[in-house]
Each structure stands twice: as structure tokens, then as C-alpha cells.
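Participant: The lines below spell out each chain.
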Amino acid sequence: MIKEQSILLDKLKEVFDPQSGIRQEAWKMLLDIGLPTKKSEAYKYTQITNILEKKLNLGLSEENAFNKTSQYETAGSHLVIRNGVVSKEDSKIEDGVVIESKEVTEGKHDPFSLLNTVFSPEEISIRVEKPSSPIFIYHINSIGFSNPRIRVSAGKNQEIDLVEKSFNSEGTFTNSYTSFDLDVNAKVSYSKIQTYDDCFVHETIFAQQKRDSRFTSNIFTFSGTLVRNNITINLDDENCEGHMNGLYLLDSKSHVDNNTSVDHIKPNSYSNELYKGILDEKSTGVFNGKIYVRPDAQKTNAFQSNNNILLSDDATIHTKPQLEIWADDVKCSHGCTSGQLDEDAIFYLRSRGISEKNAKAMILTAFASEAISQVPVQELKDELESLITQKLL
Amino acid sequence: MSADEEILEQFTSKEYEHGWSVDLDADEAPPGLNEDIIRFISAKKNEPDWLLEWRLEAFRKWKSMTEPKWSNVKYPSIDYQSIKYYSAPKQNKAQSLDDVDPELLRTFERLGISLQEQKRLTGVAVDAVIDSVSVATTFKEKLSELGVIFCSFSEAVQEHPELVKKYLGSVVPVGDNYFAALNSAVFSDGSFCYIPKGVRCPMELSTYFRINAANTGQFERTLIVADEDSYVSYLEGCTAPMRDENQLHAAVVEIYAAKNSEVKYSTVQNWYPGDKEGKGGIYNFVTKRGICAGDHSKISWTQVETGSAVTWKYPSCILKGDHSVGEFYSVAVTNNYQQADTGTKMIHIGKNTKSRIVSKGISAGNSQNSYRGQVQVMKRADGARNFSQCDSLLMGDKCGAHTFPYIDINNKSAQVEHEATTSKIGEDQIFYCQQRGIDEESAVALIVNGFAKEVMNKLPMEFAVEAQKLLALTLEGSVG
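Quick mapping for you: the protein sequence lines, in order, are chains W and G. So for the first sequence, our numbering puts the first residue at 12; every next one is plus one. So for the second sequence, our numbering puts the first residue at 120; every next one is plus one.
Just chain W, with the same shape it has in the complex (with noise of 0.2 Å):
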């Protein structure tokens, strides 16, 4: 273990309590491989450990902004949790879907994954037995650390479509774990708004995939304090897809971390990935695209695309793309930008009578329209259109 992270591990080490097995083999992974410090270059834009060290308070618990209007009003099944722990009395749960707390199970090596492995309460699991419309989960997070896990098994041809929304109560932090395995021919679809108010987040989404399963993660971020988001896929099979589509529409102080991998590891799978950012006033974005293409791999696709545009000389983009190939035949590409509004663009709109701030909301709503076209779940695409529209106008 490395000295400097020691303050944040002991201050967990006094509310650490070994249930199983698995808790406390990940606990000595974690002493071993200690948390990200500076000198860890998946970490390098985040300082997540220094600032947890400062601002992790365990005792806080706090009113929560969660109420009956934060749902959404239509069919499908609506599961609460708060604190990680699955709130029957408040979720609607229709027939097909079964929903069961688990003990956990052994989940992924990195040092925040390991931290959710040892301190989540429980392990939710969601599957279906037939097609289910889709599924809602709402995270009620009011205390000073949580860790909610969940797990989500698609089996053989099934198709499920997940929202998901958070409430974090201010100062907490929320360490998520949420996994996927999808069986030959799954299509599971996830998106996530986040909207955080001054709170640390750490999100983890790792999937897993067989023969001929599409997974698509769909992330849109608001605002937060601090949002890292780790996104694994690994394409463990031939003919599978992965899509990951995002949208960062930041401003005041909010720093967004998304940190993506995509693995091919059999031949004849496809992968796509759209990441498109809009930075104002002093917020910081940070977006690694990792394709890893295996030896066995061949015959992979595999894209990636990275926009910015900058509002403000505060703001701060930190982008790094990269590609690690091994295999020959292959069709790999990855492109990033960044830049402001085009002056010329502008010009033609208002040329024509449009406001100059009509006319910029314009062309950012258009530039971020492609991240939520893949949106499959309508009343999700309506909310984030309206979020986009408030927040450029």
C-alpha cells in the first residue's frame, strides 16, 4: 500500500465490515493496488482521491430532492433505490421483470469497482422472463457514501431498455457498479441523465457480451462537482455491438470525467462511440476513448469520434483518444475536435432575423442533437430535449 492514499483507506477501514468472502478478497485487492493518485494516468484530470480525502464525509445524511413528481409518468416498470438498497413500497414492478437482492459477486479489478465490492449493501438483480416495457430506476443517494450495485442479465434473445436517474443529496459521494451480461442475441440499451448538484460521483458500467448481443450506452451528463464515468465493453464473442454515445453540456465549476474501453476480443465485431462535448463558464471536461483491438480479432470495426466546442476561455477540454491494435485486419478510426461556434453560421442566422442568442442555442442544439438521436425510449429523449433547450437559452 502507498502511503498518501492511506488517509482516504483508513477512514474506510473504521466502517469496514467483512461479511464474505468476497468483500474482504476485494478489501486486500484494494490495500494492494491502493486508489488512483496522481501519477496514475487513467486518473491524471481527476484528482478523485485528493478531493475525497478532503470532502468524504461518512456520517452526513441529508434531505433528498426525490419525490413522486421525479418519476416518470408512463407504462413500463419504475424501480427505487435509495442508498443502494432496493425500496419495495416505492417501486412499480410489472409482471415479467424480476427484481432480487443479492449477496454480491465478484465483480472488476479497478480500484473503485473493488471499493463498491466491499461497502455496497447488496447486489440488485434485474432480469426478465418475457418483453417487458421499459425499465426505470431512480437512485435515491442521501448518505455520505453509497454503493449501489446492480446487475443486469439479458438472456438469449431477450431485448431491455434501461433509464436511469440519480438524486444525490449535496455532499455525497456515490460510488455505482452496474454490469451487464448479455447472452447470444441480447439487446440491452442504457441511458443516463445526470444531473448532480455539488456532489462526487463515480459511476462504473461494465458489460459483457456473447455471440451476436448489441449494447448501447447512452450517457448525458449536466452538472456535478465531480463525474467520472468508466465505461468497459467487452466484446467477448464475434458479431457483437457495442455503441457508447454521449453528451457533456457543462458550466459554473462541474468537472466530467468519461473514460470509455471498448475491448475486441474475438473476431467480426463492431463498435461505434460518439462523445460530444459543449464547455461553459469554468467547467472541465475529460473524455480517453480507449479501442483495443486482440490479436485474435481480426475483421473488427471499429469507430470513434470526439467533438468539443468551447463557450468560454475558462473552460477546459482534455481529450485523448487512443487506439491499441494488435490484429492486421481490421478497419479502425478515431477522430476528436474541438473549437467554438462558427462565426459564419451565426452570421447567416441572424442575417436572417434571429437573435444572436437564438441563433448560437441553435447551433449547439443541433451539434448535440446527434448524441440523443439513438435514445430508444421516447419520454427520455422529449426530457433531455427539454434539458438541452433550458440549458442553452
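No lab work stands behind these hints: they were computed from the structure. All residues carry an ideal CB built from backbone N, CA and C; glycine is no exception. Treat the hints with care, since some could be wrong.
[Said to hold, decoys possible] Result set (DSBU-like, lysine-lysine): computed pairs, CA atoms no more than 35 Å apart in a straight line:
| hint | chain 1 | residue 1 | chain 2 | residue 2 |
| --- | --- | --- | --- | --- |
| 1 | W | Lys368 | G | Lys498 |
| 2 | W | Lys342 | G | Lys188 |
| 3 | G | Lys470 | W | Lys301 |
| 4 | G | Lys517 | W | Lys221 |
| 5 | G | Lys188 | W | Lys49 |
[Unchecked claim] So the derived label-pair ranges between C-beta atoms look like this:
| hint | chain 1 | residue 1 | chain 2 | residue 2 | range |
| --- | --- | --- | --- | --- | --- |
| 6 | G | Gln553 | W | Met40 | 53 to 59 Å |
| 7 | W | Lys293 | G | Gln200 | 49 to 55 Å |
| 8 | W | Arg363 | G | Gln508 | 44 to 50 Å |
| 9 | W | Thr116 | G | Glu560 | 33 to 39 Å |
| 10 | G | Pro321 | W | Ser51 | 50 to 56 Å |
| 11 | G | Gln553 | W | Asp43 | 37 to 43 Å |
| 12 | W | Lys50 | G | Gln534 | 49 to 55 Å |
| 13 | W | Gly182 | G | Gln534 | 34 to 40 Å |
| 14 | G | Glu560 | W | Arg361 | 56 to 62 Å |
| 15 | W | Lys49 | G | Ser196 | 22 to 28 Å |
| 16 | W | Thr116 | G | Glu176 | 39 to 45 Å |
| 17 | G | Pro150 | W | Lys293 | 51 to 57 Å |
| 18 | G | Glu176 | W | Ser51 | 28 to 34 Å |
[As the list claims (entries may be wrong)] Just a few of them, taken from the derived set where beta-carbon distance is under 8 Å, the chain W residues facing chain G:
| hint | residue |
| --- | --- |
| 19 | Leu69 |
| 20 | His329 |
| 21 | Trp337 |
Fit chain G to the known structure of chain W by using the hints.
Facilitator: Below, chain G alone, put in the same frame as chain W:
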């Protein structure tokens, strides 16, 4: 498939063409590194006190540093105490070519760059460097008429100490990184070039490097200073004899470009890459950096990297002056067990600065080829513009291509684009050529040359021929 394998076999079994060793009676320092060795080198070169102090400071910094581990290359750890830090051919001063050791001249002839030929035909002034000490400098008089200073580094220290003192370490400080600090402490020689105000250097300046005595680390130091309104094109080329042990090369190149000046730096690097099992070969850990200090200045790096077992090299530009321009064009070819981690850094500080990066990586055999680059736009760098393109071509299924571009933008008016692709030579492309009567091998050469053309076009005439030959030699008939 079998045809492919046959071609691959032919290609991988190719011996290193420039591999042999001449026996020059070297004047060597004992292996090891300590302050005494540094004093020995400094005394040997009759250096002023400030330079010795400078070296010692670098050495102290180096001792407190650790070898960087972040690069995407693997090599056995280097024992810095087993390296000889000084080696010079006995005959170290020559007034004319007649005074030069005939064996040395034959070496150059075998490389196809005989000094006479160069002098007579191409008009290139060659500062030939063998094992760290400059042996002959041609066209010096012609250059001095214009006030251009082009000489070996040790000569510059003796004759133009004020210039050396002013600019040495101004772009790459002594403690910049591990290998730069090592170089600063023990550098033996190199080239110095100064272009005075308003002078357009009439010829391409060129240095040929060779590593010759076994177990000698080559620590070259190059310093190019372009004063206001001047222009210079500088060529650096390398070939090395076959060796079984790995040899360390940690060079430093510094370029200083004043207002309205332009410096073009071209490299063809073909050091011994190790045999086909990955044994031996040169470790090439180079720090190259230029600063566009004045407004409207320009620095352009062009490199063709075909040799070395391990390459670790990032020619960079600090764009400090307003409207300054930085360029980086690179072709990196790796084969067998070669590893290359190369790229550039463009630091935009001044207003309306522009940079352009074109990197082409070609990997074959079991090699690993990485592009690692950074584009940084500072807060005050209004109107910065960058375009980066890095393409990789893979030949065979055991090699790897990696891209690590870092893009850090702190100014809203910056316009930055980056794109990268990875692919192999298409069967349809080969088929198209074959259909028109071009055999497979020529087709591959044709396609590879086309792939790298954008960079090759940036090379000066003298180098373009050599570089194309090298590329064809290294890669012709790889894989369909």
C-alpha cells in the same frame, strides 16, 4: 497464404545492409559514470569552467531522477555504469580531406556518402561525426563568408562560447527528463549551427552520425540557432554497424528560432535494429525540441525512422511567438522485434499559432509502433489552430499499432482536429495493381510509398532518395 509467407520470409530474413565494423583506434574513457568521468570528458575537450559546472549540475539532477517507465516499449534495464562515456578516434582534427584517416573515408564510401562526392556533386556541407568527435567539416569557408557558423560542438565551445552559453539548455533544460539530463552531463560532441540575421543559408547543412566503437554510448548534442529573418535546412542521417549488445543513444537537439526565421530539420534514422530474433540493436532515446521564440517564426520537423531496436523520440515545438508555426512529419517503420514510441508535442503559447502533425506508422513482423503526441493550447493562445493526422499500416498479424494523442485545450477560440486510422493493405488495392501487370511485391512497395508520400515530399531532395531507398529496402514485398 503460402505466397504471403514466402514473401514475409524473404523480407524478414533480409540482413542489415550497412552492418560492419571498422577498427578505429579509439581514445576511450573507462566504463562507468561519476563526477570524475565528467571532469575527464570536460578536460579532454578543454572546456571552460561554466560548462563543466553545467555538466555537473545535470549529473546531480540525473542522479535524483528515475528512468521513465510510461512509454509503450520494453527493454532490459540499462546498466549506466557499464557504458563508456567517451570515445574519440585518435585523429581528431583535419584541415582537408587528405588528412582524414583513409579507413574512415572508406566507411563513408560504403555508406554511399563519400565526402568528395558530397562536396563536388551536391553542394552539401557535411560535418561528419564518427564516435562523437567531428572529423572533417566541408564548405566551412563558403558558409563563413555569409557569417553562418556550422561546426562541431566542441569547436563552438572554444570559438563562440558566448553563443553557446546563451542558448545551450535554453530549450531543453538540464533537468528536463532523465535522458536529456544524462546527455547534458556526458555529451561528447555534436553540431552547432548559427544563422545570422537576414541570412538564407544557401545549402542544406548535414551531419552523418555513426556509432562505431563497441560499448560506447553516443551522446550527441546539437544546437541550432536561427537569428531574425534567417532560414536554414538541416539534415541528420544515421546508419550504424552491426552489434550484438544493445547500445544506448541519448541525443539532445535544441532549435532556437527568432523572429521571422525558419528552421527545417530532417532526419533519416537507420541504426542497427537488432537481428530478426530481436537481439541487439540500438536504443534510441532522443530529446528534440525547438522553440519558436519570435513572432512569425517556423520550425518544421521531418523524420523517417526505420532503424533502432527501441525508439523513444518526440520532436516538439514550443510556439511562443505570435503567428508562429510548428510542423511535424513522420514516417516510422518497424519490423521484426523493433519498438517505436514516437510522436510530437505542440505547445501553443502565442496568439494565432498553427501546428500540423502528420504521422505515418508502418508495422511488420513482431514489432510495436506507437504514436504518442500532445497538443496543448494555453489560455492566452487565441486563434490557435492544429491539425493532426496519424495513420497506421499493419503488415502481418503479430505486430501492433497504438495511438496515444493527448489534447488539452484551455482557450475557446482554438480549433483542433485529430484523426487517426488503422488499416492494412487492401486486397483490392493489390488486385488492382496486379491486374495492370504490376507484381505483388512492387504493388506493396507502391502502396507503402503512396501511404508515406505526404511525409516523403517534405524531405529535401538529397534525403528523399535515400529515404525512399530505405523504405523500399525495409518493406518491399511484405504482405499482400
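Participant: Each of the hints needs a verdict: does it hold here or not?
Facilitator: Status of the hints after comparison with the structure:
no.	hint	result
1	W:Lys368 <-> G:Lys498	holds, 25 Å
2	W:Lys342 <-> G:Lys188	holds, 30 Å
3	G:Lys470 <-> W:Lys301	holds, 32 Å
4	G:Lys517 <-> W:Lys221	holds, 25 Å
5	G:Lys188 <-> W:Lys49	holds, 16 Å
6	G:Gln553 <-> W:Met40: 53 to 59 Å	holds, 55 Å
7	W:Lys293 <-> G:Gln200: 49 to 55 Å	holds, 50 Å
8	W:Arg363 <-> G:Gln508: 44 to 50 Å	violated, 36 Å
9	W:Thr116 <-> G:Glu560: 33 to 39 Å	violated, 55 Å
10	G:Pro321 <-> W:Ser51: 50 to 56 Å	holds, 52 Å
11	G:Gln553 <-> W:Asp43: 37 to 43 Å	violated, 56 Å
12	W:Lys50 <-> G:Gln534: 49 to 55 Å	violated, 32 Å
13	W:Gly182 <-> G:Gln534: 34 to 40 Å	holds, 39 Å
14	G:Glu560 <-> W:Arg361: 56 to 62 Å	holds, 60 Å
15	W:Lys49 <-> G:Ser196: 22 to 28 Å	holds, 25 Å
16	W:Thr116 <-> G:Glu176: 39 to 45 Å	violated, 57 Å
17	G:Pro150 <-> W:Lys293: 51 to 57 Å	holds, 55 Å
18	G:Glu176 <-> W:Ser51: 28 to 34 Å	holds, 31 Å
19	Leu69	violated, 35 Å
20	His329	holds, 5 Å
21	Trp337	holds, 4 Å
The structure is inconsistent with the numbered hints 8, 9, 11, 12, 16, 19, although it conforms to all the rest.
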